[in-house]
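Use the sequences and the hints to build the structure in full.
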Amino acid sequence: MTGISTHVLDITNGRPLAGLQVELYDMATHPPTRLNNTRTNADGRTDAPVLAAKDARTGHFELRFHVGDRFKAADGLSDVVPVRFSIFDAAQHYHVPMLCAPWFFSMYRGS
Amino acid sequence: MANQVVSHPARRQFALSGLALGAAAIASRGALAQQPNAAPAGPARASGPIVLHGVSPRLTVHALDTFHGAAATGLRIDFSRLEGGSYKLLRSTVMNANGRSDDPLLVGESYQAGDYELLLHVDDYFAGRKAVLPVPPFLTKLPVRIRVANVAERIHLPIQFGPWSYTYSRGS
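Protein chains in written order, with my numbering: chain A, 1 to 111; chain B, 1 to 172.
None of these hints come from the bench; they were simulated from the model. Accuracy of the hints is not assured; some may be wrong.
What the hints assert, rightly or not - One-sided and incomplete, this derived list gives chain A residues near chain B with beta-carbon spacing under 7 angstroms:
| no. | residue |
| --- | --- |
| 1 | Asp75 |
| 2 | Leu77 |
| 3 | Ser78 |
| 4 | Asp79 |
| 5 | Pro82 |
| 6 | Arg84 |
| 7 | Phe85 |
| 8 | Ser86 |
| 9 | Phe88 |
| 10 | Trp103 |
| 11 | Phe104 |
| 12 | Phe105 |
| 13 | Ser106 |
| 14 | Tyr108 |
| 15 | Arg109 |
Unchecked claim - If you anchor each label on the Cβ, the simulated ranges turn out as follows:
| no. | chain 1 | residue 1 | chain 2 | residue 2 | range |
| --- | --- | --- | --- | --- | --- |
| 16 | B | Glu109 | A | Ala42 | 42 to 50 angstroms |
| 17 | B | Ala149 | A | Ala53 | 37 to 45 angstroms |
| 18 | A | Asp75 | B | Val51 | 37 to 45 angstroms |
| 19 | B | Gly114 | A | Ala52 | 20 to 28 angstroms |
| 20 | A | Phe88 | B | Gly108 | 38 to 46 angstroms |
| 21 | B | Asp124 | A | His30 | 17 to 25 angstroms |
| 22 | A | Ala73 | B | Val51 | 34 to 42 angstroms |
To be verified - Computed list of lysine to any residue pairs in SDA-like fashion (alpha-carbon distance at most 20 angstroms, straight line):
| no. | chain 1 | residue 1 | chain 2 | residue 2 |
| --- | --- | --- | --- | --- |
| 23 | A | Lys72 | B | Ser169 |
| 24 | B | Lys141 | A | Ser86 |
| 25 | B | Lys141 | A | Ser106 |
For every residue, glycine included, the Cβ atom is placed at its ideal position computed from N, Cα and C.
So, in structure tokens, the structure goes:
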């Protein structure tokens, strides 16, 4: 499989973060173009890939996780978390998960 | 109170002597040129821990390179504030021998509630350290966006990053 997928886990309770708004932007345009606007499901994943295999290509992308809406912590460290990354080989799959809490965010290239 | 000294004199002296060690480490880095992808044999240690407990409200940053196991010395960070829907550059700063900015990003009068962005020039940083990565690398210009909600409390922002991952959190 190619394209982009994600998975969001809430480390404050060790469970998937469901119902989180996730956007994908193409950062090569000015202003960036929104390619997708979706929400995480009960497993913290999106029902369909954030970027479908048929749309896989090289380029500069940004996932935006609207964590402020979900955490509702008055002193939360971040509201919308951007994860900006580049695809250098469209033949590879890009799984970009996030582990988070209101005051902690960790992103990586997964598999 | 606004600009309370962070470290004790003895610690400061230790930090200064650490700078000399840091310079030596940079000088010896030329030896790595033959092995571009090699991480240093031992992590660079420019100084001991710096304690911020009890200082006045401020925003401080600490950037660590988890690929080399070292402070992200030389990393450029563009620091901006959200105004009218876009981020306006306040200053551009380079991480020192300890992986910190020489001065707090915000302190005293400048420590205002709002939305801020730290844009880490991770691509230039790893290119400068001769890390062999895809072109373009997975992480290029890395934005970290944070909100200062309560100016009565300081925020320390440690950021750990490598070529394929990063983590930031509220520290102490």
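Evaluated hints:
1. About 5 angstroms separates the beta-carbon of Asp75 of chain A from the nearest beta-carbon of chain B, less than 7 angstroms, and the hint is met.
2. Hint status for Leu77 of chain A relative to chain B: holds, with the closest Cβ pair at about 5 angstroms, below 7 angstroms.
3. Restraint check, Ser78 of chain A versus chain B: the minimum CB separation of about 6 angstroms is within 7 angstroms; hint holds.
4. Interface hint status for Asp79 of chain A: upheld, as the beta-carbon distance to the closest one in chain B is roughly 6 angstroms, under 7 angstroms.
5. Because the beta carbon of Pro82 of chain A sits about 5 angstroms from the nearest beta carbon in chain B, less than 7 angstroms, this interface hint is met.
6. Interface restraint check for Arg84 of chain A: the shortest CB-CB distance to chain B comes to about 6 angstroms, inside 7 angstroms, so the restraint holds.
7. For Phe85 of chain A, the interface hint holds, the least distance from its beta-carbon to any beta-carbon of chain B being 5 angstroms, beneath 7 angstroms.
8. Taken as an interface hint, Ser86 of chain A checks out: its beta carbon lies about 4 angstroms from the nearest beta carbon of chain B, inside 7 angstroms.
9. The beta carbon of Phe88 of chain A comes within 4 angstroms of a beta carbon in chain B, closer than 7 angstroms, and the hint placing it at the interface holds.
10. The closest approach between the C-beta of Trp103 of chain A and any C-beta of chain B is roughly 4 angstroms, which is under the 7 angstroms cut-off, so the hint is satisfied.
11. A cut of 7 angstroms between beta carbons decides the hint on Phe104 of chain A: the least distance to chain B is about 4 angstroms, and the hint holds.
12. Using the Cβ-Cβ criterion of 7 angstroms, the hint placing Phe105 of chain A at the interface with chain B is satisfied: the shortest such distance is roughly 6 angstroms.
13. Against a cut-off of 7 angstroms between C-beta atoms, the interface hint on Ser106 of chain A holds, since the closest Cβ of chain B lies about 4 angstroms away.
14. About 3 angstroms separates the beta-carbon of Tyr108 of chain A from the nearest beta-carbon of chain B, less than 7 angstroms, and the hint is met.
15. The beta carbon of Arg109 of chain A is positioned within 7 angstroms of a beta carbon in chain B (closest approach about 5 angstroms), and the interface hint is therefore held.
16. The beta-carbon spacing between Glu109 of chain B and Ala42 of chain A, approximately 47 angstroms, falls within the hinted interval of 42 to 50 angstroms.
17. The given range of 37 to 45 angstroms is respected by Ala149 of chain B and Ala53 of chain A, whose C-beta atoms sit roughly 41 angstroms from each other.
18. The given range of 37 to 45 angstroms is broken by Asp75 of chain A and Val51 of chain B, whose C-beta atoms sit roughly 22 angstroms from each other.
19. Between Gly114 of chain B and Ala52 of chain A the beta carbons are some 37 angstroms apart, a value that contradicts the proposed interval 20 to 28 angstroms.
20. For Phe88 of chain A paired with Gly108 of chain B, a C-beta distance near 43 angstroms keeps the hint of 38 to 46 angstroms intact.
21. For Asp124 of chain B paired with His30 of chain A, a C-beta distance near 21 angstroms keeps the hint of 17 to 25 angstroms intact.
22. Between Ala73 of chain A and Val51 of chain B the beta carbons are some 26 angstroms apart, a value that contradicts the proposed interval 34 to 42 angstroms.
23. A C-alpha spacing of about 17 angstroms is found between Lys72 of chain A and Ser169 of chain B, which places the hinted pair at or below 20 angstroms, so the restraint holds.
24. With a C-alpha separation of about 10 angstroms, the suggested pair Lys141 of chain B and Ser86 of chain A falls inside the 20 angstroms cut-off, and the hint holds.
25. About 16 angstroms separates the Cα atoms of Lys141 of chain B and Ser106 of chain A, which keeps this hinted pair within 20 angstroms; it holds.
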